[in-house]
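Spelled out from the first residue to the last, the chains are:
There are 2 protein chains.
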Amino acid sequence: MKIVCIGSGNVATHMAKAFTENEADIIQVWSKDPANAATLAFETGAQAISDLKEINLNADLYLIAVKDDAITKITRFLKGVNGLVVHTSGATEMEVLSGIKNHGVFYPLQTFSKAEPIDFIHVPLCLEANTEENMSLLQLAAMKLSPLIYEVNSEKRKILHLAGVFACNFVNHMYRLSQQIVEKQGLDFEILRPLIMETALKAQNALPADVQTGPAARNDRQTILKHEELLQKTPHLQEIYRILSDSIKKTR
Amino acid sequence: MKIVCIGSGNVATHMAKAFTENEADIIQVWSKDPANAATLAFETGAQAISDLKEINLNADLYLIAVKDDAITKITRFLKGVNGLVVHTSGATEMEVLSGIKNHGVFYPLQTFSKAEPIDFIHVPLCLEANTEENMSLLQLAAMKLSPLIYEVNSEKRKILHLAGVFACNFVNHMYRLSQQIVEKQGLDFEILRPLIMETALKAQNALPADVQTGPAARNDRQTILKHEELLQKTPHLQEIYRILSDSIKKTR
Numbered sequence: 000m001k002i003v004c005i006g007s008g009n010v011a012t013h014m015a016k017a018f019t020e021n022e023a024d025i026i027q028v029w030s031k032d033p034a035n036a037a038t039l040a041f042e043t044g045a046q047a048i049s050d051l052k053e054i055n056l057n058a059d060l061y062l063i064a065v066k067d068d069a070i071t072k073i074t075r076f077l078k079g080v081n082g083l084v085v086h087t088s089g090a091t092e093m094e095v096l097s098g099i100k101n102h103g104v105f106y107p108l109q110t111f112s113k114a115e116p117i118d119f120i121h122v123p124l125c126l127e128a129n130t131e132e133n134m135s136l137l138q139l140a141a142m143k144l145s146p147l148i149y150e151v152n153s154e155k156r157k158i159l160h161l162a163g164v165f166a167c168n169f170v171n172h173m174y175r176l177s178q179q180i181v182e183k184q185g186l187d188f189e190i191l192r193p194l195i196m197e198t199a200l201k202a203q204n205a206l207p208a209d210v211q212t213g214p215a216a217r218n219d220r221q222t223i224l225k226h227e228e229l230l231q232k233t234p235h236l237q238e239i240y241r242i243l244s245d246s247i248k249k250t251r
Numbered sequence: 000m001k002i003v004c005i006g007s008g009n010v011a012t013h014m015a016k017a018f019t020e021n022e023a024d025i026i027q028v029w030s031k032d033p034a035n036a037a038t039l040a041f042e043t044g045a046q047a048i049s050d051l052k053e054i055n056l057n058a059d060l061y062l063i064a065v066k067d068d069a070i071t072k073i074t075r076f077l078k079g080v081n082g083l084v085v086h087t088s089g090a091t092e093m094e095v096l097s098g099i100k101n102h103g104v105f106y107p108l109q110t111f112s113k114a115e116p117i118d119f120i121h122v123p124l125c126l127e128a129n130t131e132e133n134m135s136l137l138q139l140a141a142m143k144l145s146p147l148i149y150e151v152n153s154e155k156r157k158i159l160h161l162a163g164v165f166a167c168n169f170v171n172h173m174y175r176l177s178q179q180i181v182e183k184q185g186l187d188f189e190i191l192r193p194l195i196m197e198t199a200l201k202a203q204n205a206l207p208a209d210v211q212t213g214p215a216a217r218n219d220r221q222t223i224l225k226h227e228e229l230l231q232k233t234p235h236l237q238e239i240y241r242i243l244s245d246s247i248k249k250t251r
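These protein sequence lines are chains A and B, in that order. Per numbering that gives the first Met the number 0, the first sequence starts with residue 0, numbered consecutively. Per numbering that gives the first Met the number 0, the second sequence starts with residue 0, numbered consecutively.
Bound conformation, chain A alone (with noise of 0.2 Å):
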C-alpha cells in the first residue's frame, strides 16, 4: 500500500511512522515547511515535498493530518487522484471531501504529543467511506494499525470529538488544577499521580455513573464546606469546585 503523508504535525507523524513499520509505504510527506517534511520524510524512508503540486497522484491513500481550516484548500490539489483521499479530523465531516472521487475519513480516537510514541493497538481507529469499496480498502490500512476499529459517520465521529474533550481535555485540566492547588503550598505533584491512574485503571473495567465517589457525591456537606473555604484565596477555583460539585449531586 502506497500512501502519501500530508502534513507534518502530532498526527501525521505517529501515523506515517506507524505505517511505515507496519507494511506500508509512506511514498511522499507534504508539508509546507520543507524542514519538517525533511524529517518526517527522513523518518519514513520518503521523499520530501512543500509543494502541493508535486503530489504524487498514483498513490493508493492520501492522508490528510492537517489543521481543520487547511483541508479544504489542500483538496483543490488532490481533484485528479485515483486513490481514496481520507482527512483524519474529528470535527470534520467527510463532505469537505465530495469533490473528490473516492474519499473517507481515518479519524485516530487518540491524544498524542511529538515527544511521546504511542502503540497504535491503543488507538480507535474511527473510519467512514463514500463507497463500500472504500471503506474495505480503509479498514484494510486501519487493520495494519490497531484492533480497534469503528465505522463512524460524520454526526457521530462529531460527538466523539465532543465527548474527547470532556475525557481528555477537560480530565487534563482538572489535573492541572489540581497541580496548581499542590504546588501552591510547596506539595510535589508527584504524590498525586497513583490517584490519578488509578481512577483511570476503574474506567476501563467499571462505567464511570458507577463509581463516583467523594464529598458530592455523598453529599458531605461539612466536607464541601470546608474545600471552598480552603479556595477562597483562589476564587476561579473556588467557583469550579462550586459548579461541578453542583452537577455531580445533579447527575447523582
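Because the hints were derived from the structure by calculation, they are not lab data. Every clue listed holds true.
As the list makes no split between identical chains, a pair holds if one copy fits it or if it spans any two.
With a straight-line cut-off of 20 Å between C-alpha atoms, the simulated EDC-like cross-links for lysine to aspartate or glutamate are:
hint, residue 1, residue 2
1, Lys72, Asp32
2, Lys225, Glu92
3, Lys232, Glu154
4, Lys225, Glu238
5, Lys143, Glu22
6, Lys248, Glu238
7, Lys249, Glu238
8, Lys143, Glu132
9, Lys100, Glu131
10, Lys183, Glu150
11, Lys31, Glu53
12, Lys16, Asp118
13, Lys225, Asp67
14, Lys183, Glu228
15, Lys225, Asp68
16, Lys225, Glu94
17, Lys113, Glu197
18, Lys31, Asp67
19, Lys72, Asp219
We have chain A already, so just place chain B on it with the hints.
Relative to the frame of chain A, chain B by itself:
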C-alpha cells in the same frame, strides 16, 4: 505488630487485608454492624466486636477508618490505651485525637472501591504523629504496605485531600459526562477508554500544565462554537463546557 481495626468500610477493609498479607496481626475488627465486623474479621483472622467497650487495650496500633464525623465519638473509648491511635481521614486534623497519649494520622491518598483489589505499592501514605517516636512506629507500619511514604502535617493533608477531589472525583465526573454524551447517540463508552488511559499515562511522566491540548488550549474558536452548538439541548453540559474552556484559556 498487633493492630485493632476500627471500621469496616472500603478503607478499613483494604487496609486490614493489606496488613494481614504483610506480617501484621489484625487482632480485632470493630463495626457497629456486627455482620460487617464479622465479615472483615473472618477475612483477616481477627476477633469481631461491635461494642467499643470491648476494644483490646494492648494493641500496638489502632486504625480508625470510619466516617469523619464519627471519629470524635470513637476516641472516647480509646483514652486508656498505650498503643498508637491514628485516624485515616484526609480532611480531619490530627488535633481531634489530642486527648489520647500517642496519636497520629495514617492517610492513604488513593481511591478505593470495595469490589476492586488494590495493590498498596501504588498507595501514597501520608503520615503525621504527635512525637518523633510515634512517627517512627507509624513509618514502620507504613513500610509494610507501600514504598510511597510522606510526612504531611494536618494543613498540607487538607490541601492534598482537596487536590484529590480535582484529580479523582472531578476527573471521574468528566468521564461520566463523556459517557452521557456518547450514550445519548447510541455509541459505546468503551470507545473512549483508550483515550482516558493515555491521558492519565501522560500525567505520569509529564506535568499536566505542560501537556494541555484541545480546542480551548489552542484557542480554536470555530471548534468551540461547534461543540457548544452540539450541546444546545443539554444546557447543563453546555455551561460546564463553557466554564472549563474559559478556565483553560485563562490558565494558558
